Amino acid sequence: MATTTASLALTSTDLFADSLSISTSHQLNKAGTTIGLDQTTGLNKVYLTATTNVDMFTVPGAIKNGKKSHVYLAKVSTDETEYIVVSVGDKVIGRLYAQDFLWMPWNQQAQHISDLEIAPSVATGMNVEYMIIHEGIVLTTATDS
Amino acid sequence: MATINATVSVNSNDLTSNTLALSKTMTMTKAGTNTGLEFTSGLVRRTFTSTNHVDLITAGAQNYGTPTASDSGSASKVYIKNTGSDSTQYFEVGLGTSSGSGSATADSIGGTHLALGRLYGGDWMLIPYHGKATVGDITVQPSTAEKMTVEYIIFFE
Chain A
387 MATTTASLAL
397 TSTDLFADSL
407 SISTSHQLNK
417 AGTTIGLDQT
427 TGLNKVYLTA
437 TTNVDMFTVP
447 GAIKNGKKSH
457 VYLAKVSTDE
467 TEYIVVSVGD
477 KVIGRLYAQD
487 FLWMPWNQQA
497 QHISDLEIAP
507 SVATGMNVEY
517 MIIHEGIVLT
527 TATDS
Chain B
300 MATINATVSV
310 NSNDLTSNTL
320 ALSKTMTMTK
330 AGTNTGLEFT
340 SGLVRRTFTS
350 TNHVDLITAG
360 AQNYGTPTAS
370 DSGSASKVYI
380 KNTGSDSTQY
390 FEVGLGTSSG
400 SGSATADSIG
410 GTHLALGRLY
420 GGDWMLIPYH
430 GKATVGDITV
440 QPSTAEKMTV
450 EYIIFFE
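From first to last, the protein sequence lines stand for chains A and B.
Straight run, no breaks: the first sequence in this note's numbering ends on number 531.
Straight run, no breaks: the second sequence in this note's numbering ends on number 456.
Since the hints were derived computationally from the structure, they do not count as laboratory data.
The model shown is predicted, which means the values in this text are computed figures rather than measured ones.
Note that CB positions come from ideal geometry on N, CA and C, so glycine has one too.
Please note: incorrect hints may appear among the correct ones.
With the C-beta cut set under 7 Å, the calculated list includes, among others, these residues of chain B facing chain A [unchecked claim]: (1) Thr306; (2) Asn310; (3) Asp313; (4) Val343; (5) Val353; (6) Asp354; (7) Lys380; (8) Thr382; (9) Ser386; (10) Thr387; (11) Leu418; (12) Gly421; (13) Trp423; (14) Met424.
The task is simple: from the sequences and hints, build the whole structure.
Here is the structure:
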């Protein structure tokens, strides 16, 4: 097992009359246990040059349904008018604009319904970073022809 | 406008042979601009005592900003946390229409609901939020009828 901690700080001094200061931290554990997650994709960085909706990760079956995964995804390009649309299967979660990130749990519930997908708004080139910390993902079977 | 900052940090000394020390900060802005988001739901705290699948956040009809025709037309954000500490109890968080009963609507391509993942005790998430009616509802289903509490806050245009 490994010990991995994910923390978040949410702050604002001018959103409303009171200051906003939310801070939270948790250890990433396997589902239903206090045993740390011990697998990761590592931090990926890609440069996308088409507006095609693509799979970041494909779920080829429901073998890992109920297993624990956490997803980090960031649009690291800086143009404020450009974005990526993030979806799980055919359901849109929302847009990530310049420097935006998301952190979310991910259940590989069902084949392709749970695929993690992104679609850039422009084809002029965009940097995206992502990482999954998990207790198992299914790799697709190799096809050589 | 307001300045709202969110910083995520992910750290581990033993997940891989290389130390993991990820840190990323974003300033929440309106879609396509450098102007900060300026509205919020405030930090909401809800306690559940049944396993019914329900809407945690109901989208549309000016609830959290002006709904758009697109299901991806805003830069709003939502933070959700399971405030419990039990490692076996969780909220299943989803998008779309809640069933209102003890069974979530079956997830399918073209269907009305999708389970995203599970928040166990102490887990949190921060995701973009488009707020389109029906498909933008955020649903939860507690894993147990024992008392469970969730907190959330929406930042929107």
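Structure versus earlier hints - violations, ascending order: 4, 5, 6 and 8
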